[in-house]
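For chain R, the structure is supplied; the task is to place chain H on it using the hints.
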Amino acid sequence: MTDCFALLNEPRRPWLDPDTLKDKMHKLSAEHHPDVAKDASVDFTEMNAAYHTLHDPKSRLRHLLELEFPGSLAGSMDIPFDINRLFETMARERHSVGVFLEKKSHLKSPLEIALLSSEKIELLGVLEKLLGVLTQKLDGIFMQLKFIDAVWEDDRASSRDALVDIYQGVSYVGRWIDQVREDVLKLNE
Amino acid sequence: MTDIVGIDLGTTNSLIGIMDAGFPVLLADSEGARLTPSVVHFPASGEPVVGRAASRMRVIDPAATVYSIKRFIGRRAGEEAGDVSYPLAGNAGAPVRVKIRDNEFSPEQISALILKKLKADAERALDREISRAVITVPAYFNDAQRNATKLAGELAGLTVERIVNEPTAAALAYGLDKLGEKSKIAVYDFGGGTFDISILELNQGVFQVISTNGNTRLGGDDIDNALVAHMASLAGIPDATPQAASFARLREAAIDAKHRLSTQTEVAVDLPFFDGEKSLSFTLTRADFERIARPVVERTRTHCLRSLADAKLSPADLNEVILVGGQTRMPLVQEFVRGVFQREPNILQNPDEAVALGATIQAGILGGTVQNMVLLDITPLSLGIETFGGLMNIIIPRNSTIPIKAGEMFTNAMPGPRAMLIHVLQGEREMARDNWALGRFELEFEPAPKGHARVGVQFEIDANGILHVLARDTKTGVEKIVEIQSAVDVSDEAVEKMISESIEHAFDDMSERVFTEAKLKAEEMLPAVRKALGLIGDKLDTDEKSKVGALMGDVEQALASGESQRLKRANAALDEGTQHLAALIVERAMEEARSRAKTG
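Listed in order, the protein sequences are those of chains R and H.
Going by our numbering, the first sequence opens with residue 1, and the numbers climb by one from there.
Going by our numbering, the second sequence opens with residue 1, and the numbers climb by one from there.
Hints are computed from structural coordinates only; laboratory data are not their basis.
Don't be surprised by glycine CBs; every beta carbon is placed ideally from N, CA and C.
Derived DSSO-like pairs: lysine-lysine, alpha-carbon spacing no greater than 30 Å straight-line: (1) H:K312 / H:K405; (2) R:K58 / H:K182; (3) R:K22 / H:K184; (4) H:K184 / R:K186; (5) R:K103 / H:K519; (6) R:K103 / H:K531; (7) R:K103 / H:K568; (8) H:K598 / R:K186; (9) H:K312 / R:K58.
One-sided and incomplete, this derived list gives chain H residues near chain R with beta-carbon spacing under 7 Å: (10) A309; (11) L366; (12) P403; (13) A532; (14) D575; (15) A593.
Chain R with its partners taken away, still in its complex shape:
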């Protein structure tokens, strides 16, 4: 497996500042992008793939776990309790949005859709609130991640389980945020 950290000359650790990493990629691109590269010694496509892996927290964590703790992602994993609870709230709210969108999809005239405005505004408010809760949750998970990052050098081994939990948290909550954003877009369509 390619070590994306090594490829981009980054330390192998849980947290990387996204903006710093992006600036670095911009500098590397200005030198190595095939359109402008003076020599072809660097595989830009590979470098770019590595950047995408490291820039996204979820794929970075997955990659880190695979490198540091092979096998840690195999088998069934217990879903953390708080994530489970969050899912119930989310599924309930998203269900009512789904019902509304289904109803709206059958309407063709602008006036009929306009008559649903109050309901739509109400649902948008609900989703807004939900998005707030989810974003806060994700921020909390990132805080934990930064905390582990701070003690990473001294004690990698004991971080394993916490990192697996965090990886799951980032995967689920990140995906839910995308889904709720998509719902908001669909409601506004």
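Leaving out everything else, chain H in the frame of chain R:
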């Protein structure tokens, strides 16, 4: 090393340019014009005519004059509405062909004729041969449309050095003199046939596209068609088809009126004996026109919001919104963009030229005459394969910087030598069948017990946004380039399905079905209007109220008459006549929400 030219191959107009002393310069034809209409006329005898001369033939010989061919490039017949004045051929599911007299032409061949004309004009202007080019495409073009555009270039005798996205090219032109800056910009590109929105980050000469969204079937043509339909109904020929002789005259007048209404507030439309008998003469105000065009312009909103969401930005995070494409000359479009992005848009002096200038800059980057600039473009659509249960498994997500590659490991589910069929898709939908099928390929396994053969497949999207697939047997180390059978060229189940669907569509014209659908719509609409009037009728003045009442009466009478076309028209009129009522209802709902927020 020969020069590389930059070409904007547009739906309506095309342009060509070259770098000169560090600046992009557009080249004019022998008549001194930089804009070449993307129109090809096939005379009864002799060579095809391209450009302005061909454009003049549109009204005279509409069946042998091809325009807006870009809408059909890389597409299957039946996918795209055939609402053009020239006949299309090809069975549903097969690649689109244009039928001129006894000959059939592919969209690539027709595009190649346009490119040849641009090439010849450039060679005349520069007095040297041209053989290499950068050609632009809408950012939202898929793999098949990009490949077809590349092929068109090759047919015209050009080596296509790069396919570059139109809004990205426009950003290069905008940013040429801002290389020291760090900023975020949006490019709103509303052309003749396509709409794109792209968000970019500019950082010390690096132009990184962050997100893109769009619709390859949304453009000025839709506005023109809506205006033509309005004019046809005024002229008393509401059912005129695009193939009718009168249609070309109406369309010409509609486009002319649209152009003039960008600077004038009303125009006189005068068409004496436009079909030999009927005449049409009326005044079109800008307000009338905007009422007709607004629904088309509104359709760009969701793409703008999606590109912002994908970029994880709000309008306030942007430093600039740039308008590109001819449609952005319309005051309505400018006002719309102002509303969506909550800022004054940057109205380029020549919105038609920015894309060609950018293509020329990219040609300069590739040729080495432009230094300190590099473009990091993205793939607009997610790439994936079909997996268990007919789901799409994403391998390269949309908005990934290109060139990029990703690997996927496959194993044999059965013992012995087996081949596995891999179905490659592009799109954002969860179910494989809802996405665009790029094609399929067979993966061969060496004989091995179940689960033991391993073949790694590498998907690479190159800098043109075009897919390449490489399979590697991890045991033998044998690599091989996989030929994907293009979905456009091959007839498969997906195509079968499309055919059966288009057969269903063929029955759309059947009066009975049309009437049933229109009747359902009327029966939903009438109570909705009554309800809306009950809620908010007091806000309408008497005039409007009685107008709505009359329109409802028309629908009721049409229902009783059993005439499907009449009912469809009455429904449409009621839809249009209640636009203001709908707006008031939305306003009221928002007002209520605001006051609830205050008290609660």
